[in-house]
Structure formats: C-alpha cells, structure tokens
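Number of protein chains: 2
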Amino acid sequence: MESELLKTQTTQQPNQQPQKPRVHRTSGLRIIPLGGMEEVGRNMTVFEYERDIVILDMGIQFPEEDMPGIDYIIPNISYLRGKEKNIRAVILSHGHLDHVGAAPLLLPKLGYPPVIARDLTVAIIKRRMEELEKNSSKRLDVIKINSVNDRFNLGKFKIGFFNIEHSIVDAVGVIINTPQGTIIHPGDWTMDTDNSNGQVLTYHHLANLPKPKILMLESLGATNNAKEVISEKEMYSNLEKLIKEAKGKVIIGTFSSQIKRVGHLLEYAKQIGKKVALDGYSMKINVEIAKELGYIKIDQETIIPVNKIRDYPDEKVMVICTGAQGEGNAVLSRIINGSHKFIKIRKNDTVIFSSSVIPGNERAIQKLKDGLYRRCDNVIHNDIMDVHTSGHSTANSIKEMIRQIQPDFFLPVYANHYFLKEAAKLALGMGFDPSKIFVLDNGSTLEFYNKTAKLLNKRVDTGYIFVDGLGVGDIGEVVLRDRQTLSQDGMFVIVVAVDRMTGKVKGSPDIISRGFVYLRESQELLKETRKRVIGIVEKNTGEKKAINWTYIKDQIRNGVGEFLFQKTERRPMVLPVVLEI
Amino acid sequence: MESELLKTQTTQQPNQQPQKPRVHRTSGLRIIPLGGMEEVGRNMTVFEYERDIVILDMGIQFPEEDMPGIDYIIPNISYLRGKEKNIRAVILSHGHLDHVGAAPLLLPKLGYPPVIARDLTVAIIKRRMEELEKNSSKRLDVIKINSVNDRFNLGKFKIGFFNIEHSIVDAVGVIINTPQGTIIHPGDWTMDTDNSNGQVLTYHHLANLPKPKILMLESLGATNNAKEVISEKEMYSNLEKLIKEAKGKVIIGTFSSQIKRVGHLLEYAKQIGKKVALDGYSMKINVEIAKELGYIKIDQETIIPVNKIRDYPDEKVMVICTGAQGEGNAVLSRIINGSHKFIKIRKNDTVIFSSSVIPGNERAIQKLKDGLYRRCDNVIHNDIMDVHTSGHSTANSIKEMIRQIQPDFFLPVYANHYFLKEAAKLALGMGFDPSKIFVLDNGSTLEFYNKTAKLLNKRVDTGYIFVDGLGVGDIGEVVLRDRQTLSQDGMFVIVVAVDRMTGKVKGSPDIISRGFVYLRESQELLKETRKRVIGIVEKNTGEKKAINWTYIKDQIRNGVGEFLFQKTERRPMVLPVVLEI
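Protein chains in written order, with our numbering: chain A, 1 to 581; chain B, 1001 to 1581.
These are calculated hints, taken from the structure and not from any lab test. There's no promise every hint is true.
[Claimed, not checked] No farther apart than 25 Å at their CA atoms in a straight line, the calculated lysine-lysine pairs in the DSS-like style are these: (1) A:Lys-567 - B:Lys-1109; (2) B:Lys-1504 - B:Lys-1539; (3) B:Lys-1506 - A:Lys-506; (4) B:Lys-1567 - B:Lys-1527; (5) A:Lys-144 - A:Lys-291; (6) A:Lys-270 - A:Lys-316; (7) B:Lys-1347 - B:Lys-1241; (8) B:Lys-1344 - A:Lys-425; (9) B:Lys-1291 - B:Lys-1134; (10) B:Lys-1567 - A:Lys-109; (11) B:Lys-1506 - A:Lys-553; (12) B:Lys-1425 - A:Lys-247; (13) B:Lys-1308 - B:Lys-1275; (14) B:Lys-1425 - B:Lys-1211; (15) A:Lys-399 - A:Lys-211; (16) A:Lys-451 - A:Lys-399; (17) B:Lys-1458 - A:Lys-347; (18) A:Lys-425 - B:Lys-1347; (19) B:Lys-1316 - B:Lys-1241; (20) B:Lys-1347 - A:Lys-458; (21) B:Lys-1425 - A:Lys-241; (22) A:Lys-347 - B:Lys-1436; (23) A:Lys-436 - B:Lys-1347; (24) A:Lys-425 - B:Lys-1244; (25) A:Lys-425 - B:Lys-1247; (26) A:Lys-458 - A:Lys-85; (27) B:Lys-1425 - A:Lys-347; (28) A:Lys-454 - B:Lys-1347; (29) B:Lys-1506 - A:Lys-504; (30) B:Lys-1156 - B:Lys-1211; (31) B:Lys-1553 - A:Lys-527; (32) B:Lys-1241 - A:Lys-425; (33) B:Lys-1454 - A:Lys-347; (34) B:Lys-1138 - B:Lys-1109.
[What the hints assert, rightly or not] Not close to chain B: a few residues of chain A, all C-beta gaps over 10 Å, as computed: (35) Asn-153; (36) Glu-165; (37) Ile-243; (38) Ala-246; (39) Gln-300; (40) Ile-304.
Yeah, the Cβ is synthetic: ideal placement off N, Cα and C, and Gly gets one too.
Please work from the sequences and hints to get the whole structure.
Given below as structure tokens:
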C-alpha cells in the first residue's frame, strides 16, 4: 500500500498506537548510529525522542576479506526490539545499496514502518523486495517525497528536505527537527560545481534552521586534498570526444545506478547517430526503472539489443555495461574471458571505465584492466583522462559545507573511523569548538538536551549480522573462523572403524582430504598417517580397559595434526571419526 | 664459497663445463622473461646467446586473493631444465623480495650458478637461505660487485653496471653486452631529484653504449602523471619536523628494507637527543645486516631495546617498526590489538606511516589506520603530509629516461601488463618507432639478430609454482579450487555404515560439518539429511542386486547437495563416506 494521503504538510503516522498519556522523560534527543561509523556501508541511524523514533537509511555492507562466503552484512537492530511501535518512519536518503540494501530484510522485522523516500529510491527497494520474495513489495508502506518542500510531522519529529548532488538521482538531504535540536543530514553528497544549468546548489539557507543545528556530514572525502575537482561538464566533454572519435566500438563500464550519466550518453549517442546496447542485469533493470519514472528518455532508433550489435558497423556501436569493478560474472569480465555471446573486443575498440575504484576491488580491477589492455589499444580510465566524477566530497568542500551551514554541532559520519577523525580535524582547523564535535562509533548514544550534547556510557549492540544465502544472522564467529582455516590448508578427515570387542582397528582407516595436498602424489604421507592412527587407537583400546573415545579422538587430532605439520608445514583441519563396530 | 678471485675484468665462470667446440647457431640473442611482465613480483629474465645464459633477478610474487593459503609464488624454471650447465651467472639488481626472494629455492635447482650482486643484496639472500636451511648459504657462489666500474665476461656476455636510485641501498642498473645488442636494465628505479649531495644521477653516458641498445625499463609509474615528485630532502624535512615537535612518543612504520631512511632517522634522533627502539623481526635483522656492512652507524647512546622504552619520558622515545602494510602479526597491528608487551599507544603520541600502500593491502591498511586513529590523535600518512617517497618512476621520468639513453629498442618490464602498455604509449608519443617497442608476456621469446628483433611464436611455460609451507610446486589448480570452495560454504562429510549382507544402514549416519551452518541450531536440517541419506542408500542396496558403491556415493553427494542448497542456498562441499561392514 502506498500512503498517498500522507503526503500533506502535517502527516500523522498511520500505524501509530492509540496515544497514551506520555511520561515526560528527560532523555532528550538521542542519536544512535547502528552502522556507518566504522566502515563504508551498513549505514543506519536511529533518532529517538521520548516515544518517537525515526530511522535514516538501512544499508548493507560488503564483506571484508576475512569473511569468506558471506554475501553481505546488515545492521544489527537489536536496540529496536520492543520499540517497534515507536518507529514513526524510515527515511531513505538515496538508492545506493549501502543506504537501502538492508531495507527488504529489516522492514518486515520492524512491522513495516512507513518508508519516506523519493521515486527512484522507492522503485529500487521495491525491485529488491520482489527479487527476494514475489509480491512482497505490496506490503511496503510508502510516503513519497514529491518535493524538497514537503514537510512531515512524525510524532515530535518534523521532517524536511533539501537538494543535494550525488552520483544517483533522487538523492535527498534530510532535516530532522526536534524540540532539542535540528539535524541536518545530506546523506552522501558532493559539492555541486557545475553551473551549466544556471545555478549551483548552495546550503546557506540551512543556516537559518532552528538552533542547535546538528550537522551530520558524510566525510569520505576528508583526506581528498584535491584543489580542483573535475566538473560533470568537463567529464562529459571528455567522454563525448572519445565517443565521437572512436574508430571501433565504444564500451563504457559504469555503475548501474549512474542513471543520469547513462541518460546523458543515450542522448549524445542519438545526436551523433550511434546505436546503444545496454548490457548487464542491473544496468538493464535500472534503466528500465528510470525510464518508467521518466528520468531517461529511450529513443527507439538509438537503443538496440546487445545481440544485434553485429548488424551495425563497429564505429556506430556503443555499449553501456556493468562490471567496471572487476566482478567475475559481469559484462566486462565475460567479454575478456570470451564467454560473452555477442560482444567481441577488437584492437581498435575503445573501452572506458567511467567509474571509481571501490576499496577492496583494486586487484580485481587491475586484472580486468590487464585483460582489456591485451585485447584493445584504447583503454581509458581516470589515470589516463577524467572520465568519471566522484559522488563524494573533498576536504575543501567539507569545510565549505560547514561554512555555509554554520552548525552548532558537527558529527562526521558515513565513513571509516579515520576519515571521521580527519573531518573533525578539518572543523577544528576552522576554529570549531572541540567540545561540539563528536566522532561516534557504531552503537554510540549521543544525547542532546538543553542545547548541550552528552555521549552516554552505554553502547548499543551493533555486532555483525551476516547474510549468507537464505540465512540471516545464523553465521557467527565460529563458522567464519572454520571457513578461514579450511581455506588456508584444507581439511583432513580420518574415518576409523574399531572392533568394539577387541579394540582393534578394522581394515585401513579411510582418509578424505581436500585443499591440503595433491593426494595422488602423497601416498607415502597417507600410508604413514594411517599407520600412526592405528597405533594411537590400539594403544588406547587394548588391555580391556574402559575406552575413552573422546580422548582417542583428541589423540588422533593432535597426533595427526602434528605429524602433518612436521612433514608439510601446513595445518589442515583434522577431523577424526571413530566408528565402533 | 665466495668467488673473490672472480672479480676481475675478464672473469671466467668457474662452474663452466670443459669447452666443447661451439656450433654456430643463428638464434641470435634471446630475451625470455619468466615473470614480471604480467604482475608485480616474480621478476626473472633469461638472456640466452648461443650456449651462454645469464639470468637477471629471481623474485617471488605474493599470492592473489584467489590463492588461499599460498605463501608465495616463484618463477617457473622449466625452460632452464637441461640447460643448467649453460648458466654463466645470476645477476640480482637489488635486495627486494620480488627480485631475490626465490633465489634460495631456485639456485639449488640450477646447481648454484654464480650470483652477481652488491653487498646488501648478497647479505639478504644469505640470511634467507640460512632461515630456510642452516649452513645452506655456504654453498652460495658469490661474485660481488664492488663498483659500478666492475666488468665481468661471462661466455659471450659482457656485464657492466650503472648507479640507479631506488628505495633500497645497493640497487644497481645492469648492462648486458652481447654481439647482437646491448641490454640496459635499471632494475627498479626512480628518477633522482635530490641534488643535496651535489650531483643528480643522469643516464646520458649510457647513450654511448654499442648499438643496438635495448632498454628494458621497469614501468610501474607509467600512469603516475604527477608533475612534481616529492624529493627525499622534503620528506626528511617533514619527518624531522614531526619528530622534533612531537609531544609524546613517535612511532614510525616503514619498510624494513628502507635502510637509508632508518639510518637517517637514527642520525637525526642522535642529533636531537631522542632514544630509538627498533622493533619487528625483519627491521632488526635488516638493521643488523646494514650495520655489519657499515651502511648504518649505530650510536649506543641512541639505540635502546624496546623493552626499555618505559624508562624514558615519552617525548624522548622514537620507535621504528614494521607493520605499515597492516600485516596481522607485525608490530603496528600488535600495538593496536593490545598484544604488544612494551608499546602502549597514547593520545598524544605520533604515528607516522613512512610507506606506500602495496596493492592488495588497501583494506588491511585501512583497518590499521582506523585502529590507530582510535588510540592516537596524530596519525600521519601520505594523504596528510609527504612522509614517504616512492621508489618508482613517473610518466615524466620514463620519458626522461628514454630521452637520456636514446635506446634503439624499448621493452617496458616489471609491472602489470597495463602499465607496460601505457609505458609503450609514452614512448610512442615521443615518436619512438612502433616496430621497435615490444610489450612481452611472461614466457615470450624475443630474438635479436642482425639489428632486428623478432617475437618468436613459441611460448615458454611460466605456469605458477606455488610455495605453501614446505611444499614447492605441489599445489595445483585442483587443491586451490577446493580451498576456495571450502572457504565459501564449508564442508559436509557424511559417514554411513552399511551392512554388507542386508544392505541396510547400521545406526545413524555420522555428519561432520564445518563452515556451513551453526550445527547446534540446525538439528532439524541434519535429521532430515540423515533420513534422506538412509533412503538413498537403501533404495540402491535392496533386493540383493549388485551394489554399485560409486553410484551410491554420487547419489548421496548430489541428493544431499541439492537438499542443502534448497534449504540454505549454500553449497558446502559434500563428501560421502560409505563403509561396508
């Protein structure tokens, strides 16, 4: 259901319980980040005032290197357990997965509180919900933001908005006004530098909001000391030149959420009479969504299906696709490993990475570049020419933001801890009162009361909730550690059948090993291991004494482990199985 | 043994076989890179002319993300099998592990050909050999380079040298003169910008070498478009300012091979009366080596053991240590996780990363920085201030090198393929004859004959040789793939005892699973799995028909695999064990 009726100036939250007389608590306004303060991703912040809760963003985090097999991580919402009825709304700043990806899993657990977001953001969540479970998106309770002038009253919270520039359309800055202070939160942002449309976005008007103003500022750019940032205009001019002068096909890899850029490229292709094929699942999906919302005009003369590109001369063909992060099964990788059915790359083609390197993907991207350079003489990326603009800020623009908004409190957010600290230093350098800067952790509780802020002692549980396949939160430390151990030196299972009566080993112990050594070339090692296992068992089962099977298994585990290490300096996971027969 | 006697102008190789009359072959001079053309590391190049072979470098490569458990990778020397007697010498350009790390493993396999290198390089190899096997370094046959004016005749090869600047002392550029051409190879290099010592290194004199001159140029900096590079002088000035003004301890993380920098810091500490503790195994080892060689002066008043740092006021203490790459068990990580016995970090300490980010270590370093920023208000790295100079070149310096040396052929080397291609483009942009630029792959064979170069069709085997524990080359694709599978979703072993006579399963099948699910919370799943396994077995063993155990195992593997995937969307490695009893 869509709460269309709610889009009024004084929206009342529909799920709200019948009003009980409120106990006045002196708790003030609490800001509790559940994620996004120690990593990039898993962004989610709880704002709590008396019996009202508003949530901003519900993102996922991609797994670290020491989390093999994990699909992604979602915020831990144990703090909200028992408080579901207080949640007035979930505001989503924009449609990137580190801001909305966890919503399909978390909203059901919170009883589907209303979701406040702009069109594209809503469409992206709905799509993800449908992918997870058919028809589930119907349960979504949506309050659409039609204009940054919309205002919503949610309990004691008054919600407003402002325009910001980011690398996805429909990103929105959020104002959360409470009796104890006004939060200003641009979500992810970059300073608008492009005045080709006549007007550059500024934030001076936010300086007039009621005090104390609390600026929560995404600070990924805190150590980016670039003096000048490439403007969109310059980037497009570079891209257009490359596309126009290309002697072969043009293949552009970019983020599928870069709707505006894709739209621009489609427009330009039409102008110069090139045909465009879109390729990659998420690219096609997002363009379809954007088309439905009217954000992209699709000219039927310009767009062609990817299986038809061979019907046109190479110099008339442009492909916009996914995979610029080196993802193994995305379009660019498939082109390189030859498994792409329709796109073959030629020496005189032009491949453009209109994208940045997401931390953690450096090596995969390097491999991808190597593969492309082998097949193509014109591979262009940001090291070569400015063919991408970042969606994030710089040190200078963080300072400019502070200058324009003149906040009373400064909370850098949505980045690794060390970026937050550097952003705090930028504010300090401008003369900001150090007692009014707070670098929070996940689970910190910052309370505003009577124009002062206090960091409470208690910490909310924000332990990782891993998603792996259908399992949400069922994988813990132990399973992960086992995966790491298995990946390092493999495993070694020994199955021994022991005659219950005689204590003798029956037959030869079975060994199942994977990821440890090449078994065929290790017959000697296996033979010696079997001998040792038989020795260990029979030493402890003889003489009719009471047999301690747990002890015997431990002995096998340790004895075999040590023996294998001594022979190979590897430590496979040794797992003994003893069958009494 | 050290071949001190060999350091003459016309050295004859001692291990050389009795001279047979040489058959004149028209094969010309062959350059065969066994590594270093597709990756950073595993640098090793074979130069072959008639019956003489000279080798440059024997490096290791660090494992990629898809090579779990691998310690490192060494060059594949199958091309040299049967040609051991032709190897006149192995020249080592400098002591970094990607240039010498494989020597302790490869030299024995090649019958210990003479090693030509400068002091520190020799000392580093000897140390590594001793670590692998006590007393093994005595077998090393060393020809020391005492001066860049040394000349060695090795069969038809004439070897000379030139000074170059790199991030380790005793790096040397190599000239290999043959009847078919003169190879000029600086190893790893950076353009010298520091004229504080009165004279800047230039390469004009190499332009006079006999033609055709073949420049093999390390090209890691090919996309580094920095206009100005920070000089050593500026870097030291920044470091000194930080050290001098520090209010607490100063902790400097750097590469242990940065002997010169460590020496400089020790000198400066002495000047201003600070005490220095060196920490980290490789740091202490390398400083000890450098001290023995006279490259570092250790002032006994300045140096203190790390367990004594608490005896001095914080502002008098400086620690130089390892771990700036985020290595889990190195000093900086141990300081953060609290497991360092003597170094506790305080808010007013200063931590300096005088190091670069080695590709692949981005996330580990980010984690390390986060940890340090939490404990300390003054964390300084290159994003904040220039506290490190790179040992590699820039696009500009590559062009300058070409300008000064005026080579006839240009071969970019020692970097990922895409850097080599970009270096080639730099040369092309200068008007270099495209037919005289070669971007080789590992295993390519380039032949020079009669002043022309030809890429031969044949490719030499350069497949990965993995080192894991004591095993060299025993781990192949299959074992690695198993490790990857195990790391993703773990493993699931099912042990079924079947009565040989009745075909019935005896008791309940045993299940051993790790890294898949949390077993205690999955009892239902395990129970259902057991039931299915019994069903599969008894369906195929009943009715006294001939029992096909292989078929039954396959059925279990597939049936259980599918069932588990359906229930969890995970694919653990399923391993059935069937015991006939």
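Results of checking the hints against the structure:
no., hint, in the structure
1, A:Lys-567 - B:Lys-1109, "holds (21 Å)"
2, B:Lys-1504 - B:Lys-1539, "holds (10 Å)"
3, B:Lys-1506 - A:Lys-506, "holds (16 Å)"
4, B:Lys-1567 - B:Lys-1527, "holds (13 Å)"
5, A:Lys-144 - A:Lys-291, "holds (18 Å)"
6, A:Lys-270 - A:Lys-316, "holds (11 Å)"
7, B:Lys-1347 - B:Lys-1241, "holds (19 Å)"
8, B:Lys-1344 - A:Lys-425, "holds (23 Å)"
9, B:Lys-1291 - B:Lys-1134, "holds (22 Å)"
10, B:Lys-1567 - A:Lys-109, "holds (21 Å)"
11, B:Lys-1506 - A:Lys-553, "holds (21 Å)"
12, B:Lys-1425 - A:Lys-247, "holds (18 Å)"
13, B:Lys-1308 - B:Lys-1275, "holds (10 Å)"
14, B:Lys-1425 - B:Lys-1211, "holds (23 Å)"
15, A:Lys-399 - A:Lys-211, "holds (20 Å)"
16, A:Lys-451 - A:Lys-399, "holds (23 Å)"
17, B:Lys-1458 - A:Lys-347, "holds (22 Å)"
18, A:Lys-425 - B:Lys-1347, "holds (14 Å)"
19, B:Lys-1316 - B:Lys-1241, "holds (15 Å)"
20, B:Lys-1347 - A:Lys-458, "holds (22 Å)"
21, B:Lys-1425 - A:Lys-241, "holds (19 Å)"
22, A:Lys-347 - B:Lys-1436, "holds (19 Å)"
23, A:Lys-436 - B:Lys-1347, "holds (19 Å)"
24, A:Lys-425 - B:Lys-1244, "holds (21 Å)"
25, A:Lys-425 - B:Lys-1247, "holds (18 Å)"
26, A:Lys-458 - A:Lys-85, "holds (23 Å)"
27, B:Lys-1425 - A:Lys-347, "holds (14 Å)"
28, A:Lys-454 - B:Lys-1347, "holds (21 Å)"
29, B:Lys-1506 - A:Lys-504, "holds (19 Å)"
30, B:Lys-1156 - B:Lys-1211, "holds (16 Å)"
31, B:Lys-1553 - A:Lys-527, "holds (23 Å)"
32, B:Lys-1241 - A:Lys-425, "holds (19 Å)"
33, B:Lys-1454 - A:Lys-347, "holds (21 Å)"
34, B:Lys-1138 - B:Lys-1109, "holds (16 Å)"
35, Asn-153, "holds (39 Å)"
36, Glu-165, "holds (24 Å)"
37, Ile-243, "holds (20 Å)"
38, Ala-246, "holds (17 Å)"
39, Gln-300, "holds (38 Å)"
40, Ile-304, "holds (30 Å)"
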